[in-house]
Amino acid sequence: MKRHLLLPVVGLIVLVVSVIFYFNQSTNKNNSLDEVSNLIFETKDFYSNKLIDEDTLGEFYIVNFFASWCKPCLLEHPLLMEMKKKGIKIIGINFRDDEENFKEWINEHGNPFEYILRDDGTIAYEMGLIGVPETFFIVNKMTQKKIQGPLFYEDVEKYL
Amino acid sequence: MISYLGNSFIYISLILTIFFYINLLKRIIPSTTFSLKLIYFINLIPFSLLVYAFSISDFTLLNVVENSYIDDPMFYKVTSAWGSHEGSILLWVFLINLFGGFFLYKNQTVEIHKNILFISTLFILYVVISSNPFTYVEANENVLGLGLNPILQHYLFVIHPPTLFLGYIGLIIPFVISAHMLINKNFSEKLFNEMLIWSKISWFFLTGGIVLGSYWAYSELGWGGWWFWDPVENISLIPWLLNTALIHSLQVSIKSNQLKLWSLNLGLYCFIASVFGTFLVRSNLIVSVHSFATDPLRGLFLIIIITYLLAMTVRLNIKSISNFNEDSFNLISRESFLLLNNIFFICSALVVFIGTVYPLFSEMILKTSVSVGAPYYNFAFNLLLAPLILFMAFAPQINWGKHEKKDKQIPYIIIFSLLICLVSYYFSNNFYFTLSIFITVPLFLKSILVLKNNFKKNISFYSQWLAHLSIGFFIIAAVYTEQFDYEENLLFEKGSTNEIKLQNNKTAIIKNIKNEKFQNYQRISVDLLISDGQKVKELSPSKNIYQPSGQVTSEVSTTNKLFSQYYATISTIESNKVGINLVYKPFINLLWLSAIMLVFSIFLSVVKKR
Amino acid sequence: MKMSKSIYKLIIPFLIIHISVISFAGVNELSDYYKTIRCLVCEGQSIQESDTEFAINIKEQIQKKYSSGISIEEINQELIKIYGQEISFNPPKNHILLWGTPLIVLIITFIFIRNKIKIFKRE
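Chains as they are written, first to last, in my numbering: chain S, 1069 to 1228; chain D, 124 to 733; chain Y, 3 to 125.
Calculated directly from the structure, the hints in this document are not laboratory data.
Glycine is no exception: its CB is placed at the ideal position from the N, C-alpha and C atoms.
Honestly, I wouldn't trust all of these hints.
What the hints assert, rightly or not - Quick partial rundown of chain Y residues pointing at chain D, CB under 10 Å, derived from the structure:
1) Asp34
2) Lys37
3) Phe56
4) Tyr68
5) Ser69
6) Ser70
7) Gly71
8) Ser73
9) Glu75
10) Glu76
11) Ile77
12) Gln79
13) Pro93
14) Leu99
15) Leu100
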């Protein structure tokens, strides 16, 4: 009888020990997405060539990553324009883009952004960007919500 | 029309199968072989019809509309048939019946064929319930089809999935034979021999399929890697490892009448592993590059099939496990080394399995998401496969039953191999490479020594050595490419930079950029030269833009230098600059060569039986 | 002793081939590290093997940090802090059930065989 029990018992002990070990050692899950990267306030705006004025920006603002080569960005573009009309401040971050293409894109489709920062990927890295478009909703310098991929009407309904 | 025909053949087959089972009980028609032939034949028809529908672009089938494009070349139109989920499940049905049909020529035991038919019927039901490719849509002149995924438009795609499927489904024969033998307690040598042949055939296709898939990823996807430990690759590796174990343990069962129950139980799990693999891919439980659209019903139905097969297997296991005690042999004998081989292969299969499902487990139970990849598998495989390959040098020399004479060469070989290790560690300073040298050098040495003294042995002897030797070459090549490849990102700017100096003192020169138009895509290619002063190598990586989706794929360009390869892809292409990703892959060609040798070796051993 | 002589004959060509092979081996610490980072947009591939914008950017950022003298260890910690554990193909060692598996299955199989098959006996 003992031999029959050996295998399941060994298996069970291994499972229990490993789960206990795991919970003892496991580090708390990082919520590092929370704080907005300081780089945003250290980079100069493309058009005005000035740093972002944190006082006029207010508590709530949106950070939106976009690029002229990104087709889904055009999908959310009308929504961003709409939000600008409602007075919501959007910081646009132009992710890894050609300067000429970017200017052309803004001229063609309109500029929904309060500030535009051109980024070679450093800000994107610090913010944990996965792909463009990506939108961060920020309150008191903390990310409240993050939407990967284009925004839809439902996502921003309450701001319109 | 085809929709109607396809559906009716599926239902005819279901009705005939029911009659077949009633006939088994009541004995109305005496010849069951004929009815088997008929059912197998009818089950081949639906898939053939689907292929036909794709070839003529019959847009009254929803499946054709979704997966094919009117201007695709004929070649890809046909292969689109198994590009979709529905088509590939129908291909399963087709192949199960094809194997059943071939097996019928060798063995007419109704008890065995009954099980094949049962499994085939389960899959046909699956087709009918949740993934019927013969769904009808109203024909419309404007419909041109949505097109086959451009990533799949490659000549290897034509042969890779069917080859892999042949390998997966070939395992059904060992499965049904094992089940039959375990149920009837009839351990005839004839059946064991048949099992060996069929598992070898399946191994041939499985290895071929895996290698083709790997080569496809290497040459088409533009990732420069040949193995990613992607879930789909892993689940094709599990049946492969188990099947390898099965081939070895069957030798023991046939030659020395031992480990019979062991082999039979293993035979059951090989097929389960391949069905489970299909389940994991199709249900999208685990995300991978090969992901298909999901439908909960599909996953559920596959779960039912697996649960049924697994329940059947476990029941047979429990029945037979108490009889395992009958086996006994010496510690130093061929049997015990083959058993050792089995242990390592089965453990590797388990490790791959756990590595594949662990992210899922971690997400659900531990509430943290992790990714399991190369570092883990490298660690596990070093632990499990290193001793296996070391034994591979000596074990084939050990006698069956009882080993009398001592091998005097072993200490010399080990010492020599350690010496080489020291040298390679001194030069390369790389642990993995040194380890791979340590485990493979004895194999190479031993091969030379043994083959020099045994010219007269038969083909099976050579096929065995060839297989083992190619594994040795494979290990060396794989470790070498992985450890010593290097990558450079070259950025050429229009007007200013046309030449860039590489790490190894060669120069990369960009020549011109071409823009060509083809039947269903547009190609932008860059001509790149790599020169070392005297010799010049030419590369032309390109980007293809496919119609109608507008999807862009990167086409790889390679140039060989003996066993090594330069591998170039376009990373960015803009009006004023071109980015090229250049990877130097040492010994990659040796890897493909060894894979071909491996497949050829099993081909030899199957053919010589005829 | 005849056998051992023929082995020595093999040693010299082996050594020559061997040294010539490893002498043109270069080691790239960064590209090895890239292989352990998952490309989050391509599911299943490492950034070393991917040519997506995401992978290219991460590679560039890592390279920038690496050449400014930050060690790979620190880069890795920062990367995991930003993107979460999923980005690393190398799960932490406290996942005993994962890392211990190879040994555990080996031990269990040996126990099973010891109990079920009487092979390890000498006549």
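Quick rundown of the hints versus the structure:
1. Asp34: holds, 8 Å
2. Lys37: holds, 6 Å
3. Phe56: violated, 13 Å
4. Tyr68: violated, 14 Å
5. Ser69: violated, 14 Å
6. Ser70: Hint on Y:Ser70: violated, closest Cβ of chain D at ~18 Å, above 10 Å.
7. Gly71: violated, 21 Å
8. Ser73: Status violated, d = 18 Å.
9. Glu75: violated, 14 Å
10. Glu76: Interface hint status for Y:Glu76: violated (18 Å vs cutoff 10 Å).
11. Ile77: Where the cut-off is 10 Å and the nearest Cβ of chain D is about 16 Å from Y:Ile77, the hint is violated.
12. Gln79: violated, 16 Å
13. Pro93: holds, 4 Å
14. Leu99: holds, 7 Å
15. Leu100: Since the shortest Cβ distance to chain D is 5 Å, the answer is holds.
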